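Next come the chains, spelled out residue by residue.
There are 2 protein chains.
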Amino acid sequence: MTKDTRPFARSDKNRAMIRAVLALTAMALSAAAQQPPRLRSPEVHADHRVTFRYRAPNAKEVLLSIEGAKNVAMQKDDQGVWSVTTEPLAPDLYGYSFRVDGVRVIDPVNPQIQVNLLDTDSMVSVPGAAAMDWEYSNAPRGELHHHFYASRVVGDNRDFYVYTPAEYDSSGKKKYPVLYLLHGFSDDASGWSAVGRAHVIMDNLIARGKAKPMLVVMPLGYGAPEVLNRDSSAPRDQDLSERNMTKFREALFTEVIPEVERKYRVIADRNSRAIAGLSMGGAEALFTGLNAIDKFAWIGSFSAGGINENYAAAFPALDEKANKQLKLLWIACGTEDRLIGDNRKFLEWLDSKNIHYTKVETPGGHTWMLWRRNLAALAPLLFQDPLRSAR
Amino acid sequence: MTKDTRPFARSDKNRAMIRAVLALTAMALSAAAQQPPRLRSPEVHADHRVTFRYRAPNAKEVLLSIEGAKNVAMQKDDQGVWSVTTEPLAPDLYGYSFRVDGVRVIDPVNPQIQVNLLDTDSMVSVPGAAAMDWEYSNAPRGELHHHFYASRVVGDNRDFYVYTPAEYDSSGKKKYPVLYLLHGFSDDASGWSAVGRAHVIMDNLIARGKAKPMLVVMPLGYGAPEVLNRDSSAPRDQDLSERNMTKFREALFTEVIPEVERKYRVIADRNSRAIAGLSMGGAEALFTGLNAIDKFAWIGSFSAGGINENYAAAFPALDEKANKQLKLLWIACGTEDRLIGDNRKFLEWLDSKNIHYTKVETPGGHTWMLWRRNLAALAPLLFQDPLRSAR
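For the record, the sequence lines run as chains E and V.
With numbering that gives the first Met the number 0, letter number 377 in the first sequence gets 376, and the count goes up by one each step, no holes.
With numbering that gives the first Met the number 0, letter number 224 in the second sequence gets 223, and the count goes up by one each step, no holes.
In case anyone wonders, no lab produced these hints; they're calculated from the structure.
Since we're looking at a predicted model, the values are computed, not measured.
Backbone N, C-alpha and C fix where the C-beta goes; we use that ideal spot for every residue, glycine too.
Stretch by stretch, here's where chain V covers chain E in the computed footprint (C-beta under 8 Å, at least three residues):
#1 106 to 118
#2 145 to 155
Pulled from the structure, derived: some chain E residues nowhere near chain V, Cβ distances all over 12 Å:
#3 P234
#4 T245
#5 A267
#6 K294
#7 N307
#8 E319
Keeping only pairs whose Cα atoms sit at most 27 Å apart, straight-line, the calculated DSS-like set for lysine-lysine is:
#9 E:K173 with V:K174
#10 V:K211 with E:K262
#11 E:K211 with E:K262
#12 E:K173 with V:K262
Given only the sequences and the hints, what does the whole structure look like? Please build it.
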């Protein structure tokens, strides 16, 4: 055995330190036994009210921050437990967190977590009378494939997910169309499955015959991951934003798509390739797709954020010839989203170029509640023939 | 379109409520802009000291709780930020959390999270001079397959993961042995990959020629998921513990293994099937494996917890004939683990029955640091011939 492969190889000095440290573990464990009783949070009531609880005996203010709503003050009891019970909530899957004297924290007793590279949230499901598209049903279940690779384009270790429908058989013959589905700023590659429940939505749509069986590829969406380190109060760095987008596209075209088309039985032509995304990923889907109509006949954006407003520079070759080539250009935004203005401005530019599109404005903000519904509404349109984009 | 599939179908009453709630989102967003600057935590210094920071201006006490060590008091500055800088830490991957006036919280600015069904932690990697087994290298990367199904045995929706090595080709001919690898109490099915880094460890061992290419199947380990709801201060419920283990075994035998052997190119015989696990999963591996020597020739346990101490009842048919059939019975525990006594007591019983085993005691507590090394030490022994179990 060589030194670096011995499972417990450590220097004597390190070992002594570790022994000293570990000898105290038992003390720590007995201290843990004196912790206060475990809270119940969230507690979803039969009438769809939800009670949230957080223990912070010395905090001056604790707020509940729940997706799609304003922050709500919580009240402290004599045990130091802050709580609030909401009005009945519409059946949905909500992200939430607490603000404890201004500090964002997740609910420590709720294992349902929305992992995020900047602000992880907790999650609560408020069930409805009927099953929602992102809830498990009797539909046959597809599979999520998690792929890992070292990116030459970006210079990091990264990953992507591939959803295959239940009927996909690795030893079969049938080939499938592919939707490339992009996450938003601060999500990671797991966002669309772990939070967006894309695999469950697709299982349900396919089982009901509403969507064609397809693969869904969910890559990491950063061409310049340092975009995540930017101080949010700093002015927008246009070079960094553009590098983030162009390097993402290069990684998609030269690393992800070739690997998908090598490993999976897919139809590798533009009529069977779609690209869509949310927020940052919506802008990436537009930038990538509208500049590569030879590769994608189906393009969707949900609440796009960060479209380069120098449209002529961003989409230099786009003209009304695209109307014949694009089978769908589907642009959605919530009417309460702060990005609705940016999205409408982009649609006006498309109008000025006489480019056809499907405009989808629905009530809602910049939320996963909207994006799950966007996916459930878009997927049934994809790869269906005949279908033409409509104004 | 039927009502329940319209993407935005909601009652008018709900819609009015949602609109009211969403109208206030902009206010919440502008309040968020006034949050204090983002902290840097953890900060790993070149000399392997690590600084942890947590903002809690009104807390009376904040402790750092780091895996394998006792809790450490943190100090507050005049901005309300608590911090502590450790002594140099041995290169490793550490779970940690904070105790804010007794409440366990993760580090809100660190996206590296150990999801857990009871107590989610943050994670920090302290790099070493040489790459560790669980760190990415130039090794070709395998794939993680995430499978979902409705369990008839347990009556819930559950999942399992399958690692396939880089060389696994779904259209190839070669068949592979399989290690069934079980997580501990409070982990979910992602534990061994997300926290244990099993896929990276296997990639590295296989690329160096130290382990045979194999599949690793990581199922959800609860036969009675209500075991998670048990009040930790309540007395041990032996019936619940046994149901948890027997129903887990039934799901493994009738649901997981048949599905794996149907979907993957595996060698479906006892000489090519191993079972191992950590803590609760260690006890499950022993209970399942030693009662099914006809199915598993390789059995491993890491820091086993919850072995039924009525050994004769738990392992009714086990006798020294097993020595001829078992290729490996590998029983590991950390010498600072509170379970070391239980593990040694089990080994004494095996001695009394003249059952051969490999005893592995190494410095360390009940930690993932130990279990990653256990896997890296066990995997190279599996499916190698000739190899006999040794005392």
